[in-house]
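Chain order of the listed sequences is Z and V. Numbering-wise (our numbering), the first sequence opens with residue 1 and increments by one. Numbering-wise (our numbering), the second sequence opens with residue 1001 and increments by one.
Rather than coming from a laboratory, the hints here were simulated on the basis of the structure. Be aware that one or more of the hints could be misleading.
Unchecked claim - For lysine-lysine, the following DSBU-like pairs were computed, each having C-alpha atoms within a straight-line distance of at most 30 Å:
1) V:Lys1076 <-> Z:Lys44
2) Z:Lys230 <-> V:Lys1066
3) V:Lys1066 <-> V:Lys1033
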Amino acid sequence: MFRLFYTPDWFNGLDLVFDTVSLFIALLIAAYSWRLYRIHQENKYGYFSFAFILIGLAFAAKMVMAGLLYYAPLRNAATAVLIPVVGKAATGINYSQLFFRTGFFVSMVTMLGAWLLLFFVSQKKEGRLKRYYEVSQIALFVYLLLLISIVSNFKYQVFYLTSSVILGMTVLNYYKNFLNTDRNRNAWRVMLAFLLFLFANFAFIFVFIFPGLYVLGEIFMVAGFLVLLKTYAQIQQGKMKLFASQNPKKRDPVRDSVRDRVDSVNRKPVKHKVPFPKPRKMVAN
Amino acid sequence: MSTRRSRLELIFDILLAIQNKGGRIKPTHLMYKSNLSHKLLNAYLEELLERELVRVDEETSKKKLKSTKTVVITEKGLSFLAEFRRMREFTDAFGL
Chain Z
1 MFRLFYTPDW FNGLDLVFDT VSLFIALLIA AYSWRLYRIH QENKYGYFSF AFILIGLAFA
61 AKMVMAGLLY YAPLRNAATA VLIPVVGKAA TGINYSQLFF RTGFFVSMVT MLGAWLLLFF
121 VSQKKEGRLK RYYEVSQIAL FVYLLLLISI VSNFKYQVFY LTSSVILGMT VLNYYKNFLN
181 TDRNRNAWRV MLAFLLFLFA NFAFIFVFIF PGLYVLGEIF MVAGFLVLLK TYAQIQQGKM
241 KLFASQNPKK RDPVRDSVRD RVDSVNRKPV KHKVPFPKPR KMVAN
Chain V
1001 MSTRRSRLEL IFDILLAIQN KGGRIKPTHL MYKSNLSHKL LNAYLEELLE RELVRVDEET
1061 SKKKLKSTKT VVITEKGLSF LAEFRRMREF TDAFGL
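Using the sequences and the accompanying hints, generate a full structural model.
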């Protein structure tokens, strides 16, 4: 039976519960950002939504594969469905390895695609892909993602290492965003969530040394998604808290442009200490 | 330099200006507070009236013996403001 890596037996099944929670949170955020896309008609919201849909797909593929590996009844049912198509081998069914590898490949390629898309979306406008180079650059990244995902099927560490690098850069982007939004608590939570994803992927790299790290990685992963859920809930409740250490005078001009404009209009006109000089009288010669 | 306001931001500005004035405002004041030209404001007000986000009341002043129009924000308009704030908080949090 094909296995990407060995996980602690007592944890089999629990990771599926964790992944289900993460899947639902990812789809919730995707749905809300899709709504934003429908309202604003801006591509960035569409990409953001698509990234979370990809995360959902990755979890779904992983859950199906892990479920088949963990539970014999599920495996038997899948075998019964597949035998008429692919034929029976001495051990299990023909191409069973190919089936599992395809499943993990789908999981990896969608997850990597999602992380990369989130990285691009989290960048400021100047750093984003420009329209003329967009197609060629996206094609190059798709090629690299496919390559990494194929290699990762034989050396799974490559996948988690690449994910960690992309997530590391995304965390940096979100840290900048946290500073730009004047230390907004929700922006901090988003940064924390991606930091947890980074820790999770980092832990997964070393599962071959100590399988217990898989548990730690899964906990970090679900914790990250729970932090995202908390952020979403806070936003829906309309709570916009700022850190106490924040300087109230220092404000972000872009974020608060509307608020600033309204404030500036509402402000009373400043009275000049020295009145404007009266115009001189014209003296006729 | 601030960026150009989107259509939604302009609508938000108009509704916010009305809300900041206690829910009702005269059209000229609204024009100044939302930083819009007379032509643009009328175009947007028509849209807001169609969508029932605002309504226009006519009041007769006893002193000047003439009727004045005031723009009033509706419940739907207030809920739009709240929803827009939530959307902005979401986009700020995720750096969108």
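Evaluated hints:
1. V:Lys1076 <-> Z:Lys44: holds, 28 Å
2. Z:Lys230 <-> V:Lys1066: violated, 54 Å
3. V:Lys1066 <-> V:Lys1033: holds, 24 Å
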